[in-house]
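Residue numbers (the numbering used here), protein chains in the order written: chain A, 18 to 274; chain B, 18 to 274.
Watch out, some of these pointers could steer you wrong.
Note that identical chains are pooled: a pair holds if it fits in a single copy or bridges any two copies.
Unchecked claim - List time: in silico DSS-like cross-link candidates among lysine-lysine, alpha-carbon distance up to 30 Å:
| hint | residue 1 | residue 2 |
| --- | --- | --- |
| 1 | 58 | 260 |
| 2 | 252 | 53 |
| 3 | 271 | 95 |
| 4 | 165 | 239 |
| 5 | 42 | 58 |
| 6 | 75 | 49 |
| 7 | 95 | 49 |
| 8 | 95 | 75 |
| 9 | 68 | 239 |
| 10 | 248 | 165 |
| 11 | 95 | 235 |
| 12 | 75 | 42 |
| 13 | 95 | 248 |
| 14 | 178 | 263 |
| 15 | 178 | 95 |
| 16 | 58 | 263 |
| 17 | 68 | 58 |
| 18 | 68 | 53 |
| 19 | 165 | 95 |
| 20 | 271 | 49 |
| 21 | 271 | 235 |
| 22 | 68 | 210 |
| 23 | 68 | 165 |
| 24 | 95 | 210 |
| 25 | 252 | 63 |
| 26 | 252 | 95 |
| 27 | 178 | 210 |
| 28 | 260 | 42 |
| 29 | 239 | 210 |
Just so you know, these hints were derived from the structure itself, not from any lab.
2 protein chains.
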Amino acid sequence: LQSLSAYNDFYTSIGHMTDLLYTEKDLVTSLKDYIKAEENKLEQIKQWADKLDSLSAKAIQDPEGFLGHPVNAFKLMKRLNTEWGDLESLVLSDTTDGFISNLTIQRQHFPTDEDQTGAAKALLRLQDTYRLDANTISTGDLPGVKHKSLMTVEDCYELGKIAYSDVDYYHTELWMAQALRQLDQGEESTLDKVTLLDYLSYSIYQQGEIQRALDFTKQLLKLDPEHQRAKGNLKYFEFQLEKQRKADEDAGEKGEE
Amino acid sequence: LQSLSAYNDFYTSIGHMTDLLYTEKDLVTSLKDYIKAEENKLEQIKQWADKLDSLSAKAIQDPEGFLGHPVNAFKLMKRLNTEWGDLESLVLSDTTDGFISNLTIQRQHFPTDEDQTGAAKALLRLQDTYRLDANTISTGDLPGVKHKSLMTVEDCYELGKIAYSDVDYYHTELWMAQALRQLDQGEESTLDKVTLLDYLSYSIYQQGEIQRALDFTKQLLKLDPEHQRAKGNLKYFEFQLEKQRKADEDAGEKGEE
């Protein structure tokens with residue numbers, strides 16, 4: 018499988034892509050430093066909240082008795098006049114700076130939308146060349162590659178959308194169907210079936226299979242009965258099928274004459 | 018113990034102070050909402066970091082082999098071109114807003130520096146009236162109060178400082194000594210002994226006990242040998258003591274005459 022050559026055309030060099038892997042590793046380190054700093058900050062805030070929480074619960078039970086203790090009165094003044102302000106400063110302290118500036122610096126070397134689209138199209142070409150189905154690619158069962166890599170629902174959807182933008186309804190169908198399959202198999206995703214079914218039925222319609230397009234539109238409307246475009250499509254597909262059926266009947270009658 | 022009357026003069030009313038207890042309770046609730054939101058945000062970021070961390074470790078082991086898989090190449094492009102940006106938005110998303118605006122609104126009803134000083138002075142007057150030592154007050158062993166309340170090292174220091182600002186070296190000494198005692202007993206604090214010893218020795222000197230002031234200055238210099246003011250004081254106190262000793266000798270000789 019000569020996969021390397023497949024994306025030579027969309028990104029300068031394999032050397033440059035290797036650099037990006039190291040950049041990403043640095044960013045992860047920087048991100049983990051941020052996480053540590055934020056956890057530490059949050060731990061201090063939680064300790065304060067817990068202390069105040071139990072103090073407050075005690076005070077509220079008997080406010081006058083509580084404030085009758087002059088130390089409590091003094092400490093309440095001190096907390097409100099100075100300590101809550103200190104806590105505010107802690108809450109507002111910025112822990113993101115190191116990570117964000119690191120990301121900003123590295124971003125100038127990042128691939129662009131064009132590179133992402135290029136990589137997607139290279140993958141689609143590879144799929145055709147080696148006649149691989151979407152499921153084989155998505156589950157990482159590519160022949161001849163050492164590093165198995167799974168595609169998520171989002172990855173499949175992204176590929177489908179890129180094909181769609183390219184007026185390539187054949188690959189749109191394959192990858193929206195794959196995204197849907199993975200969603201049906203229980204994969205967690207922020208994507209919903211309605212979005213996928215919308216692309217799927219439209220790309221099938223564009224390939225002339227009105228009955229199948231209608232079936233998926235009906236599936237979509239079961240999930241979202243008020244989906245405006247799907248409601249329109251349902252009528253249109255049914256009208257087209259009816260027209261086709263009549264044309265077939267007429268052709269049949271003519272044949273019988 | 019008529020403690021209520023002791024702070025009537027520094028804060029409008031006990032009713033107002035009771036309101037502040039409820040305000041504080043609301044702020045704690047609002048703070049806990051912030052903590053929950055921030056923990057949730059941080060959890061998402063950690064999941065991303067963990068995913069990227071193991072992916073990166075795998076990729077770095079064999080960059081060319083890894084990138085030889087066209088799905089990996091596509092996913093790397095997608096991550097760098099879109100997903101890191103999404104993560105950046107998440108990192109920069111503001112979870113503090115609700116709590117901070119709540120605090121800002123409530124702050125207009127908060128006590129001022131004057132109120133805090135007033136509460137402190139009321140406590141010092143109470144100490145004199147009932148002849149209570151600092152340790153009794155700080156450990157909450159006040160007679161006749163139901164709600165035992167402990168003072169921290171910081172609370173004691175704060176009282177001492179307020180006395181100091183009032184040129185009240187007697188109470189400065191009592192409360193700095195109490196802060197030091199609690200620190201020596203192992204209480205956790207951000208305050209250091211050097212700061213406390215500095216106030217303590219100065220307030221003792223101001224009360225005319227040069228030998229004791231010298232002893233505490235020596236303790237301070239053991240902890241921080243380069244402390245400039247303490248180094249100056251050491252010489253000055255020793256000079257004063259020497260002068261006193263000579264004056265006493267002279268008086269003794271005169272007495273013998």
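Hint by hint, here is what the structure shows:
1. 58 with 260: Close neither inside one copy (68 Å) nor across copies (54 Å); limit 30 Å.
2. 252 with 53: neither (56 Å within a copy, 48 Å between copies)
3. 271 with 95: Close neither inside one copy (99 Å) nor across copies (56 Å); limit 30 Å.
4. 165 with 239: neither (37 Å within a copy, 65 Å between copies)
5. 42 with 58: both (25 Å within a copy, 22 Å between copies)
6. 75 with 49: between (39 Å within a copy, 18 Å between copies)
7. 95 with 49: between (36 Å within a copy, 21 Å between copies)
8. 95 with 75: Classified as within; 18 Å inside a copy, 54 Å across copies.
9. 68 with 239: neither (52 Å within a copy, 35 Å between copies)
10. 248 with 165: neither (41 Å within a copy, 71 Å between copies)
11. 95 with 235: For residue 95 and residue 235, neither the intra-copy (66 Å) nor the inter-copy (33 Å) Cα distance is at most 30 Å.
12. 75 with 42: For residue 75 and residue 42, only the inter-copy Cα distance (11 Å) is at most 30 Å; the intra-copy one is 49 Å.
13. 95 with 248: For residue 95 and residue 248, neither the intra-copy (65 Å) nor the inter-copy (34 Å) Cα distance is at most 30 Å.
14. 178 with 263: neither (35 Å within a copy, 98 Å between copies)
15. 178 with 95: Between copies, since 13 Å is at most 30 Å while 59 Å is not.
16. 58 with 263: neither (73 Å within a copy, 59 Å between copies)
17. 68 with 58: Answer is both: 16 Å inside a copy and 24 Å across each meet the 30 Å cutoff.
18. 68 with 53: both (23 Å within a copy, 17 Å between copies)
19. 165 with 95: between (61 Å within a copy, 18 Å between copies)
20. 271 with 49: This pair counts as neither: shortest intra-copy Cα distance 75 Å, inter-copy 79 Å.
21. 271 with 235: Close neither inside one copy (33 Å) nor across copies (120 Å); limit 30 Å.
22. 68 with 210: between (47 Å within a copy, 25 Å between copies)
23. 68 with 165: between (50 Å within a copy, 15 Å between copies)
24. 95 with 210: This pair counts as between: shortest inter-copy Cα distance 22 Å, intra-copy 56 Å.
25. 252 with 63: Classified as neither; 58 Å inside a copy, 48 Å across copies.
26. 252 with 95: This pair counts as neither: shortest intra-copy Cα distance 71 Å, inter-copy 38 Å.
27. 178 with 210: within (15 Å within a copy, 66 Å between copies)
28. 260 with 42: Answer is neither; intra-copy 59 Å and inter-copy 71 Å both fail.
29. 239 with 210: Within one copy only: 11 Å inside a chain, 73 Å across chains, cut-off 30 Å.
Figure legend: structure checked against the earlier numbered hints; hints not met, in rising order: 1, 2, 3, 4, 9, 10, 11, 13, 14, 16, 20, 21, 25, 26, 28.
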